[in-house]
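Asker: Each chain is listed here by its residues.
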Amino acid sequence: MSTKYVALPKGVSEKDFDAAIAEYRVILGDQNVFTDEAHLVSYNKIMIPDSDANHTPSAAICPASTEEVQRCVAVCNKYKVPVWPISTGRNLGYGSAAPGSRGQVVMDLRRMNRIIEVDAALGTALVEPGVTFQQLYDYLQEHKIPLWLSCPAPSSIAGPLGNAVDRGVGYTPYGEHFMFSCGMEVVMPTGEVLKTGMGSLPNSNTAQVFKWGYGPYLDGIFTQSNYGIVTKMGFWLMPAPPAFKPYVIRYPEETDIVDIVETLRPLRMAMIIPNAVVIVHALWELGSFLKRSEHYAGKGTIPDDVVARLVKQNKVGMWNVYCGLYGSPEQNEVNWKIIEATVKASGKGELLTAEQVGDDPVFKYRADLMQGKMNTAEFGLYNWRGGGGSAWFAPVSQARGSETLKQMAMAKKILGKYGFDYVAEFIVGWRDMHHIVDLLYDRTDPAQMQAAHACFDELLTEFSKEGYGTYRVNTAFMDKVADSYGPVKREINRKIKRALDPNGIIAPGKSGIWN
Amino acid sequence: MMISRRAVLGAALTGGAIAAAGTLPAWATDADGMAAAPVEAPRLLVDSAMPAAFAEAATAALTASGLGGGGTVVIDGDGTAALAASAAWLAARPGRRLVGLVKDADGILFHQFARTDRTHWLSIGHHGQSEELAFQSRHRIVGLSFNRGLARTLAADLAASSADFTVTDQPMMDHAGPVAAPFAVRSDTPAAARGWETTLGETLGWIAAGRWPAHPPEPGQTFSGRGIRDATRTFAVTSFVIAS
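Here the protein sequences line up with chains Z and H, keeping their order. Under the working numbering, the letters of the first sequence match residues 3 to 517, in that order. Under the working numbering, the letters of the second sequence match residues 11 to 254, in that order.
Quick caveat, the hints were computed from the structure, so don't treat them as lab data. Keep in mind that the hints are not guaranteed to be accurate.
So, partial list: chain Z residues that the calculated Cβ filter (under 10 Å) puts toward chain H [said to hold, decoys possible]:
{"no.": "1", "residue": "Asp38"}
{"no.": "2", "residue": "Val43"}
{"no.": "3", "residue": "Ser44"}
{"no.": "4", "residue": "Pro156"}
{"no.": "5", "residue": "Asn377"}
{"no.": "6", "residue": "Asp444"}
Computed far set for chain H versus chain Z, every beta-carbon distance over 12 Å [claimed, not checked]:
{"no.": "7", "residue": "Val49"}
{"no.": "8", "residue": "Thr73"}
{"no.": "9", "residue": "Gly235"}
{"no.": "10", "residue": "Arg236"}
If you want the footprint, here are the derived chain H segments under chain Z, 3+ residues with CB under 8 Å [unchecked claim]:
{"no.": "11", "stretch": "113-123"}
{"no.": "12", "stretch": "126-140"}
{"no.": "13", "stretch": "152-163"}
Built from N, CA and C at the ideal position, the CB exists for glycine as well.
Between the sequences and the hints, there should be enough to build the whole structure, so can you do that?
Answerer: Given below as structure tokens:
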């Protein structure tokens with residue numbers, strides 16, 4: 003259908019959209035409502051293996067307050083215009099800032115960037131969606147508040163609220179970000195403002211210290227969902243430890259993943275290793291600073307012997323385990339001896355401290371991440387193959403060596419079938435592993451685009467068959483993943499959606515939830 | 011002379027009418043909040059691994075337009091600081107423009123640094139060549155009203171230099187209608203002596219200067235040619251023109 007807009011929301015006439023845009027402009031000002039392609043291209047740039055056209059927004063609106071969000075939601079209800087809220091929109095391998103489907107209006111919350119409160123004594127923060135990790139880090143530094151953040155790899159440019167609402171993870175002892183959140187403010191699809199936990203109690207000062215409140219715990223239903231727009235969120239921040247000791251354990255063989263997990267899981271569960279340990283495969287480690295074409299020029303997956311050669315040349319492990327010790331020097335010393343003894347007893351792995359590693363930029367960026375310091379070194383992965391394509395495949399496994407070996411073998415086989423490399427890491431949770439595979443491909447090559455889409459689809463299919471669910475997925479595959487969790491869960495999600503959002507205006511299709 | 015000729019040639023290949031060189035196209039004056047022209051000389055942001063021809067051609071176009079070059083920031087190694095500084099420079103004053111050709115990772119990072127509320131993308135494209143794909147030169151241009159004709163112009167140059175290439179023009183807006191007639195390869199054009207970086211730099215320079223002629227919208231299409239493959243080079247880079 004011909005229209006003057008870049009795209010139109012599904013089922014919305016141009017006349018109604020004209021009216022909606024006019025009302026958004028009254029609420030937000032002309033300068034905060036975008037319908038021109040020069041602005042919208044920024045919200046349409048995706049890295050996932052799907053056509054840009056499937057994710058083209060019709061407009062972007064940028065409210066600066068909860069009240070403006072409420073007023074915009076009222077307009078959305080009036081004209082049945084769907085909005086796709088983003089906080090900072092840096093979920094690159096999961097869909098970036100682009101809406102889940104064509105024609106949705108992006109509600110960009112980056113102007114809502116106030117750090118409302120940081121309580122140095124209680125170690126809490128209350129922030130809006132547009133606050134970035136860098137901003138919060140700078141605030142803590144500037145005010146000399148001895149608290150640490152936990153951030154994901156894109157760190158400085160991403161934000162704590164969006165990352166936690168998407169159930170992202172980081173690398174400090176507070177790395178399970180949603181677990182360390184406390185209290186939300188949510189604009190409901192009806193325009194009401196809900197404060198979860200203790201937040202709805204008049205005169206309460208416990209909203210950021212006690213998560214559960216009274217009655218059903220609601221915060222979870224606003225994560226990875228489309229039941230409301232989270233406009234404020236509380237977090238617990240980690241007291242800066244007196245001493246921090248980062249270290250790496252390097253292992254020479256891919257099959258060592260079994261021993262790694264079996265050796266480290268007891269230490270992690272006992273909190274001798276307190277942080278979210280990351281086990282990085284050689285190609286993730288090397289890919290952050292090498293270019294594939296300079297080391298392998300053939301077609302198809304980079305051969306194992308080439309990877310082994312690169313491992314030797316660059317003095318990294320086939321697996322590289324990054325951990326940290328956090329505490330007083332005395333505490334760290336005790337735990338260090340336990341770790342040394344455990345690794346030695348396992349008969350595998352080279353345990354290295356920061357001093358032993360020396361001036362190694364990869365170790366430095368991992369050490370930075372483990373203490374919540376900002377860096378963007380991992381963007382180097384996008385030069386490994388080049389072409390701007392990336393899709394994060396994120397199945398969960400038990401923290402058992404046999405399971406991780408099985409998942410690695412499955413992933414390598416499917417990636418190999420389509421000519422892609424196994425660029426992966428495992429992040430150790432409390433009893434689980436997040437297996438993150440970055441499917442890197444070249445978007446300038448239509449054949450690779452097609453292959454990447456088919457490869458991702460097959461990864462999901464085959465892992466689901468084995469009972470491995472993915473914990474996050476990009477916007478092109480949300481329905482497929484929702485299906486993998488079964489019809490009952492999907493129907494319950496839909497019933498909740500219909501009850502809370504009868505017009506289906508908030509992020510239709512997010513996590514496979516439609517009404 | 012060559013710059014004007016190339017600009018005219020690029021537009022002529024579309025078969026559509028063009029604005030006379032030196033006049034501002036309509037989009038520069040009536041687009042949503044867009045400054046009619048840069049308030050100061052546009053700046054370049056270029057990876058050190060790319061041939062100097064790109065920056066030279068862009069600077070030549072800017073100079074010919076009367077704006078002159080606002081300097082070149084060269085990224086060598088970790089470009090994070092330069093990318094952040096360039097994004098901050100751009101956002102600091104309305105009417106600034108930045109022309110870039112950087113590695114893909116830096117392009118992705120720059121896109122994250124650029125403020126969506128204070129910047130307009132006038133052009134964005136990916137360019138790649140690798141041994142894995144037999145050294146075919148591949149270009150994917152996001153078609154915007156500001157860079158219409160870029161893909162066609164680039165393809166014409168690549169064809170004229172007998173390169174083996176694909177150029178995909180992927181318009182952001184869905185333009186229905188017939189695809190314009192395929193361009194004719196002009197063996198007498200100076201393109202054979204130019205690399206694609208020269209054509210790209212020159213065109214992006216014109217776009218940044220607000221002097222790129224208006225072109226009619228076209229549906230998405232892929233241009234391709236079979237010819238010489240340059241086995242001496244690999245690259246994976248992102249090009250852009252961005253305005254505040």
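Asker: Now tell me, hint by hint, if it's right for this structure.
Answerer: Verification of the hints:
no.: 1; hint: Asp38; result: holds, 4 Å
no.: 2; hint: Val43; result: holds, 5 Å
no.: 3; hint: Ser44; result: holds, 5 Å
no.: 4; hint: Pro156; result: holds, 8 Å
no.: 5; hint: Asn377; result: holds, 8 Å
no.: 6; hint: Asp444; result: holds, 6 Å
no.: 7; hint: Val49; result: holds, 17 Å
no.: 8; hint: Thr73; result: holds, 25 Å
no.: 9; hint: Gly235; result: holds, 15 Å
no.: 10; hint: Arg236; result: holds, 16 Å
no.: 11; hint: 113-123; result: holds (count 10)
no.: 12; hint: 126-140; result: holds (count 11)
no.: 13; hint: 152-163; result: holds (count 4)
Violated hints for the displayed structure: none, as all numbered hints are satisfied.
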